[in-house]
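Hey, can you piece these two chains together into the complex? The hints should help.
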Amino acid sequence: MNTSSVYKWVIDDVVSKMKPETVQEGVDESVLDELRTLWQDKLTKKGLIRDEGMQAGFMARGGGLPLPQLGQGPPAMNTPAGMQQLMMRMLQMQQMQQQGGQQQPGVGLPYALPGAQYAPQLANLFAQQQQQQQPQAAFHGSKREAPEGGFQTSRGEPSTSRRPRVGPQGGLVPQQDGPADTEPTPSHIASPHQRRVPAHTAPTPSNHPHTPQCRIPQQDGPADEGACGGEGSSGAQRVIPQQDGPTDDGGGGGEGSSEAGTSGAGRQQEAAEGQTEDKGEAPADDEALSSDSGEDSSDEEADVDHFMCCQFEKVNRTKNRWKIAMKEGVFHVHGRDYLFKKAQGEWTF
Amino acid sequence: MSFQLYRQTMMGDCLVEALEEMIEQEKLPADLAQSIVTQFDQSMLEALRSHVTGRAHIKANLKHYRYFDNVWQFTLEKVTFRLSPSGGGSLNTAHEISCDRAKVVCVDSKLVDETIEAISGPDPNAQPAPEQKP
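Protein sequences, first through last, are from chains A and B.
With full-length UniProt numbering, the residue at position 231 of the first sequence is 231, and numbering never jumps.
With full-length UniProt numbering, the residue at position 27 of the second sequence is 27, and numbering never jumps.
Hint data in this document are derived by calculation from the structure and do not stem from the laboratory.
Keep in mind that the hints are not guaranteed to be accurate.
[Stated by the list, open to error] Distance ranges between label pairs, derived from CB positions:
hint: 1; chain 1: B; residue 1: V16; chain 2: A; residue 2: K323; range: 31 to 41 Å
hint: 2; chain 1: A; residue 1: T37; chain 2: B; residue 2: F68; range: 37 to 47 Å
hint: 3; chain 1: A; residue 1: H334; chain 2: B; residue 2: L91; range: 14 to 24 Å
hint: 4; chain 1: B; residue 1: E24; chain 2: A; residue 2: E21; range: 18 to 28 Å
hint: 5; chain 1: B; residue 1: E24; chain 2: A; residue 2: R317; range: 42 to 52 Å
hint: 6; chain 1: A; residue 1: D33; chain 2: B; residue 2: E114; range: 32 to 42 Å
hint: 7; chain 1: A; residue 1: F349; chain 2: B; residue 2: Q25; range: 42 to 52 Å
hint: 8; chain 1: A; residue 1: V27; chain 2: B; residue 2: S50; range: 24 to 34 Å
hint: 9; chain 1: B; residue 1: K110; chain 2: A; residue 2: V27; range: 29 to 39 Å
hint: 10; chain 1: B; residue 1: S98; chain 2: A; residue 2: F349; range: 15 to 25 Å
[Unchecked claim] Below, simulated DSSO-like cross-link-like pairs (lysine-lysine); rule was C-alpha separation at most 30 Å, straight line:
hint: 11; chain 1: B; residue 1: K78; chain 2: A; residue 2: K45
hint: 12; chain 1: A; residue 1: K46; chain 2: B; residue 2: K59
hint: 13; chain 1: B; residue 1: K110; chain 2: A; residue 2: K341
hint: 14; chain 1: A; residue 1: K319; chain 2: B; residue 2: K110
hint: 15; chain 1: B; residue 1: K78; chain 2: A; residue 2: K323
hint: 16; chain 1: A; residue 1: K342; chain 2: A; residue 2: K17
hint: 17; chain 1: B; residue 1: K63; chain 2: A; residue 2: K319
hint: 18; chain 1: A; residue 1: K342; chain 2: B; residue 2: K59
hint: 19; chain 1: A; residue 1: K45; chain 2: A; residue 2: K17
hint: 20; chain 1: B; residue 1: K110; chain 2: A; residue 2: K314
hint: 21; chain 1: A; residue 1: K42; chain 2: B; residue 2: K27
hint: 22; chain 1: A; residue 1: K46; chain 2: B; residue 2: K27
hint: 23; chain 1: A; residue 1: K319; chain 2: B; residue 2: K59
hint: 24; chain 1: A; residue 1: K319; chain 2: B; residue 2: K78
hint: 25; chain 1: B; residue 1: K27; chain 2: A; residue 2: K19
hint: 26; chain 1: B; residue 1: K63; chain 2: A; residue 2: K342
hint: 27; chain 1: B; residue 1: K78; chain 2: A; residue 2: K314
hint: 28; chain 1: A; residue 1: K327; chain 2: B; residue 2: K78
hint: 29; chain 1: A; residue 1: K314; chain 2: B; residue 2: K63
hint: 30; chain 1: A; residue 1: K327; chain 2: B; residue 2: K59
hint: 31; chain 1: B; residue 1: K27; chain 2: A; residue 2: K45
hint: 32; chain 1: B; residue 1: K27; chain 2: A; residue 2: K8
hint: 33; chain 1: A; residue 1: K342; chain 2: B; residue 2: K110
hint: 34; chain 1: B; residue 1: K78; chain 2: A; residue 2: K341
Every residue, glycine too, gets a C-beta built ideally from N, C-alpha and C.
The shape of chain B in the complex, shown without the other chains (with noise of 0.2 Å):
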């Protein structure tokens, strides 16, 4: 479930009723749908760790918060958000988006990591963990 998350992107809803569309139109069976976003989940979830080099900084004001299995809920308000593609420099003078309102879904890294382990086993580029002294 954790690593869904993207699934509520636009790229997945897009995928999601592409995928509809075929089902209906029966091209396509459900099932390998169902594998298909599968799919979508993890290479969504390799594309940003492999191909996004973007910093950010998102400064707002919390309106309402909640937690519940390990997710976050944030309602934000006046957002602030800077970005810096590349992910150098300082993020004072990058590209500065605002809005009202915004909501935010947060989920446990730790848990996206143990779903993909088990999935596809370890993490070959993962660093293993420092030892800790006693």
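One chain only, chain A, in its complex shape (with noise of 0.2 Å):
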């Protein structure tokens, strides 16, 4: 039995096994089927249990391409890798249909995956831009491949070169993952004589008639609030949060510009934070400090993230090795738990 075999086998069980006590207490044994609902939603939204119906029933279909392990999350969407493997799997099963002709319609599209209704749009979409650069390709006599040139076209060049994006039928792909790509608009750049700055504003960098591209939004890489301030601070002065010395308590880096930061700029404030504590200025925060600081101090239980229950059968050591008899456990790493009856550990210190 898997995993998923064996959790489901777990709730059935409890369930099954409360009904008595269920209704000896009064209780409705509906309660007992909605908390088995809820608990299996919980479990498949973390990827633990796999719904093997739908699975099976796309393979019955005729469905060649392997659907996305669940338990690992879906690949796509998420990342630039993924979209374009997921792209590349829309053209593939659309040029199968054009090609063959006997499948039904839809057979083999990945309709587990969100937004799998504009797999035709998004296909064209990317048929075009394969088009588009093949004789960019030829002139340059090099023989790139299409997908990865299209998406690094599409997301790293400059705003100069980007192309709207455009369905079909010349309408908008409405865009289904990942943050809001705020792509320069006419509305949103436009020329920096048309930005608004507000009357009471110094003339700081932040409204430098020459710095246009500040809205373009960071994609990579610790959020640089200094540069461009975020979106909950427009109309508002800019402030650059200072991260080194002691704290400048005239800057006005108040807890508005802390909450329009990601939570890199929160961190590197947190930090900045301790460094005014140490130094015996009052901090903004004590509790949350003080929570902080403990969990520093004991970096044994900081990660948690790989976790792993079981029953140890025997301890061994000799000088710095270990050897460990384990068994009947759970060890849960990168978001899926692998169940096993016995184990083995050779761990050295």
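Rendered as structure tokens:
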């Protein structure tokens, strides 16, 4: 039995064995069914239980391309590589349908994936991108793989070369994945002279007319809040947070600016606050600081992303080598659970 | 306490979350929820004993260890986990999973057996201990 089946067995066992007691307590049996549904939903969301009926149905319909493993999370949509993989798969399916013509329409398409209803539009768009890039490749005399070039171009090149994302009928393809891509539109960027600058704002680098690229959202690395104010701080004076030295209270780096930043900036700010505590100045949030510093001091408690529960039969240590005989364990690693009946551990201290 | 070990798994976490939601909505009395969690402890253990056949090998660097009240806790680094789901074959060719860091909690199996026996009587499938020669 795989992990999913074992977990389903546990759910069934708990529900069935609790029925007599539930009736005895005077509680309706349907509560247990509701609990089962809720419990299964939570496990399915975490990818620990797979809906095997859906996969079996997909394979029975003749889908030749495998669905992504739910336990590993959706591969596509979140990353450029995953999106590229999905587009390739859609294009491949479209070609198969066009060439063969014997398959039922839509057979094998990854219906389980979010945004699958836009599969034909996305595939057409991808085909258009391929056609537009082929002349460039021929001109340079190099043979590039089209999908990579297509996506690097659409994401990486400056805004001047960006093509608007237009569907086959000329309409915009709605974005289904990831954070909202605030692609520069006329209302967003316009000309520097059209940008609204508050009258009370002093001439700082933030409202300098030659920084229109400030509006392009940063996709990688820690958020550079100092260079570009967040969406939440529009209309307010942009403040470059101080990262080193004693804090300057006159800078106006209040709570609002920290909320507008990302978590990375927040961490930097916490670090800066920690420095202030070391220097004896009054920290902004005593409780948060004390709990953080407590976690830092005991780093053995910090990371529980990968966690194993089991029983031990024997623990043997020879010098710095440990041998552990374990049994009946669950190892949660990389978002999945692995079950074992027996395990042997060899650890070096 | 000893065989409440599996409440810490994602399976146990999800159950507790679901029960808490239902208690908040007053669909389930708290004492019945407690009974359900206790039943989960037994069912999870039974599932691991009866339905799981996997055999694993774990190689890692040990960073911290602690032993208290029949429970070992280990913090491992550079963990390599090999699992043969069927339990057969060589583990050298088995599926390998790696992670930088992991925490391991091991409860004494004798304690678990004693607790189970106290709750549900002796295990009929358990093999009798061999007689020791004088």
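Going down the list of hints, with the structure as the test:
{"no.": "1", "hint": "V16/B to K323/A: 31 to 41 Å", "in the structure": "34 Å, holds"}
{"no.": "2", "hint": "T37/A to F68/B: 37 to 47 Å", "in the structure": "39 Å, holds"}
{"no.": "3", "hint": "H334/A to L91/B: 14 to 24 Å", "in the structure": "19 Å, holds"}
{"no.": "4", "hint": "E24/B to E21/A: 18 to 28 Å", "in the structure": "21 Å, holds"}
{"no.": "5", "hint": "E24/B to R317/A: 42 to 52 Å", "in the structure": "47 Å, holds"}
{"no.": "6", "hint": "D33/A to E114/B: 32 to 42 Å", "in the structure": "35 Å, holds"}
{"no.": "7", "hint": "F349/A to Q25/B: 42 to 52 Å", "in the structure": "49 Å, holds"}
{"no.": "8", "hint": "V27/A to S50/B: 24 to 34 Å", "in the structure": "29 Å, holds"}
{"no.": "9", "hint": "K110/B to V27/A: 29 to 39 Å", "in the structure": "37 Å, holds"}
{"no.": "10", "hint": "S98/B to F349/A: 15 to 25 Å", "in the structure": "19 Å, holds"}
{"no.": "11", "hint": "K78/B to K45/A", "in the structure": "28 Å, holds"}
{"no.": "12", "hint": "K46/A to K59/B", "in the structure": "27 Å, holds"}
{"no.": "13", "hint": "K110/B to K341/A", "in the structure": "16 Å, holds"}
{"no.": "14", "hint": "K319/A to K110/B", "in the structure": "26 Å, holds"}
{"no.": "15", "hint": "K78/B to K323/A", "in the structure": "16 Å, holds"}
{"no.": "16", "hint": "K342/A to K17/A", "in the structure": "27 Å, holds"}
{"no.": "17", "hint": "K63/B to K319/A", "in the structure": "15 Å, holds"}
{"no.": "18", "hint": "K342/A to K59/B", "in the structure": "14 Å, holds"}
{"no.": "19", "hint": "K45/A to K17/A", "in the structure": "25 Å, holds"}
{"no.": "20", "hint": "K110/B to K314/A", "in the structure": "10 Å, holds"}
{"no.": "21", "hint": "K42/A to K27/B", "in the structure": "18 Å, holds"}
{"no.": "22", "hint": "K46/A to K27/B", "in the structure": "24 Å, holds"}
{"no.": "23", "hint": "K319/A to K59/B", "in the structure": "16 Å, holds"}
{"no.": "24", "hint": "K319/A to K78/B", "in the structure": "20 Å, holds"}
{"no.": "25", "hint": "K27/B to K19/A", "in the structure": "15 Å, holds"}
{"no.": "26", "hint": "K63/B to K342/A", "in the structure": "23 Å, holds"}
{"no.": "27", "hint": "K78/B to K314/A", "in the structure": "22 Å, holds"}
{"no.": "28", "hint": "K327/A to K78/B", "in the structure": "21 Å, holds"}
{"no.": "29", "hint": "K314/A to K63/B", "in the structure": "19 Å, holds"}
{"no.": "30", "hint": "K327/A to K59/B", "in the structure": "16 Å, holds"}
{"no.": "31", "hint": "K27/B to K45/A", "in the structure": "23 Å, holds"}
{"no.": "32", "hint": "K27/B to K8/A", "in the structure": "23 Å, holds"}
{"no.": "33", "hint": "K342/A to K110/B", "in the structure": "15 Å, holds"}
{"no.": "34", "hint": "K78/B to K341/A", "in the structure": "23 Å, holds"}
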